[in-house]
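Colleague: Sequence:
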Amino acid sequence: MVMQYISAKPVLHILWILCLTLGLTVGDEFDFTVIVGPGKVECFYQTIDDPKYAAFEFDYQVVDGGDLDISLYLRSPKGIQLVNDYKKNEGDQRIVLNEPNAGRGDYAFCFDNTFSMQSSKTVFFEFFLLDEKGEYLNGFDQAFKQEEQAENQMEDFRQTTVRVKSSLNRIEHLQSQLRAVEFRDRSIMEANYERVNFWSIVHLCVMLFTLLVQVFMVRSLFEERSTVGRLIRKGKLAD
1 MVMQYISAKP
11 VLHILWILCL
21 TLGLTVGDEF
31 DFTVIVGPGK
41 VECFYQTIDD
51 PKYAAFEFDY
61 QVVDGGDLDI
71 SLYLRSPKGI
81 QLVNDYKKNE
91 GDQRIVLNEP
101 NAGRGDYAFC
111 FDNTFSMQSS
121 KTVFFEFFLL
131 DEKGEYLNGF
141 DQAFKQEEQA
151 ENQMEDFRQT
161 TVRVKSSLNR
171 IEHLQSQLRA
181 VEFRDRSIME
191 ANYERVNFWS
201 IVHLCVMLFT
211 LLVQVFMVRS
221 LFEERSTVGR
231 LIRKGKLAD
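All residue numbers for the sequence shown refer to full-length UniProt numbering, where the first residue is 1 and numbers rise by one.
Hints were generated in silico from the structure; no laboratory data involved. For glycine and all other residues, C-beta sits at the position ideal for the given N, C-alpha and C. Take the hints with a grain of salt, since some may be wrong.
[Claimed, not checked] Think about it this way: if two alpha-carbon atoms lie no more than 25 Å apart in a straight line, the pair counts; the simulated DSS-like pairs of lysine-lysine are:
| # | residue 1 | residue 2 |
| --- | --- | --- |
| 1 | Lys165 | Lys133 |
| 2 | Lys52 | Lys78 |
| 3 | Lys52 | Lys165 |
| 4 | Lys40 | Lys88 |
| 5 | Lys52 | Lys133 |
| 6 | Lys87 | Lys40 |
[Stated by the list, open to error] Quick list of the computed label-pair ranges, beta carbon to beta carbon:
| # | residue 1 | residue 2 | range |
| --- | --- | --- | --- |
| 7 | Arg219 | Asn197 | 31 to 37 Å |
| 8 | Pro77 | Asn192 | 42 to 48 Å |
| 9 | Met117 | Phe198 | 18 to 24 Å |
| 10 | Glu29 | Pro77 | 16 to 22 Å |
| 11 | Val162 | Phe115 | 42 to 48 Å |
Whole structure, please, built from the sequences with the hints as guidance.
Modeller: The structure is reproduced here in structure tokens:
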């Protein structure tokens with residue numbers, strides 16, 4: 001049997017990258033679902049001061065409540081209103097931080113439901129920090145650069161890992177949007193189902209009431225002691 005000696009250094013590099021891939025949390029992406037009460041305004045703040053970020057993207061969808069609409073106001077750290085969406089079902093924006101009205105600091109995202117005094121709105125919201133290349137994985141890619149002594153074959157592994165992670169992020173983004181659309185469609189169907197049931201019951205009650213009135217009127221025509229019958233017969237005799 002021939003014993004083969006395997007250098008520990010490449011193995012350690014592989015283990016290091018695997019641990020990094022599994023343990024690294026990317027802070028460049030956020031998504032959440034909020035409920036904005038009737039007549040309320042809910043504001044959320046995001047600090048962007050890291051120079052590695054050049055822009056950010058965000059999108060939102062109203063998935064439940066009322067007419068599925070909400071107003072959105074986005075204010076820059078300079079207090080300038082960058083976005084003013086009024087009563088929209090969904091929207092998406094891209095803000096470049098180097099623009100004169102943008103800049104770095106605290107951004108305010110405000111969902112305004114003051115135009116609706118009865119219905120709460122459920123809003124699905126996503127936020128992405130981008131580097132100069134428009135990529136989400138700047139922080140993920142920078143972690144690999146700390147290992148400058150990795151061998152050449154590790155570069156291919158790194159690129160493959162980044163591509164896989166980028167594809168997974170895109171898949172997750174699309175799945176989140178599909179879940180939001182599915183939830184909104186289900187809410188619309190449930191609302192239509194309840195509306196159809198309500199009016200069906202109303203129509204049934206009207207039909208039953210009409211039937212009872214008709215039966216009562218017909219019986220009154222054949223009863224001598226019936227006051228309604230005497231009035232009806234009297235009207236016919238008068239004619």
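Colleague: Should the hint that Val162 and Phe115 are 42 to 48 Å apart at their CB atoms be regarded as holding?
Modeller: Holds, since Val162 and Phe115 (Cβ atoms, about 44 Å apart) stay within the stated range.
Colleague: CB of Glu29 to CB of Pro77, is that within 16 to 22 Å?
Modeller: Holds - the Cβ-Cβ distance for Glu29 and Pro77, about 21 Å, lies within 16 to 22 Å.
Colleague: Hinted pair, alpha-carbon criterion (25 Å max): Lys52, Lys133. Please report holds or violated.
Modeller: 11 Å, holds
Colleague: Going straight from one Cα to the other, do Lys40 and Lys88 come out at no more than 25 Å?
Modeller: 16 Å, holds
Colleague: Given a hint of 31 to 37 Å, does the C-beta separation of Arg219 and Asn197 actually sit inside it?
Modeller: 33 Å, holds
Colleague: Range first: 18 to 24 Å. Now tell me if the beta carbons of Met117 and Phe198 are that far apart.
Modeller: 21 Å, holds
Colleague: Take a quick look at whether Lys87 and Lys40 sit within 25 Å of each other, Cα to Cα.
Modeller: Holds, because 14 Å separates the two Cα atoms, which is no more than 25 Å.
Colleague: Taking 42 to 48 Å as the hint, is the beta-carbon distance of Pro77 and Asn192 inside that range?
Modeller: 44 Å, holds
Colleague: Compare the distance between the alpha carbons of Lys165 and Lys133 with 25 Å, and conclude whether the hinted pair is satisfied.
Modeller: 16 Å, holds
Colleague: Compare the distance between the alpha carbons of Lys52 and Lys78 with 25 Å, and conclude whether the hinted pair is satisfied.
Modeller: 20 Å, holds
Colleague: For a C-alpha distance cap of 25 Å, please report whether Lys52 and Lys165 respect it.
Modeller: Satisfied, since the Cα-Cα distance of roughly 19 Å is no more than 25 Å.
Every hint from the earlier list agrees with this structure, and none is contradicted.
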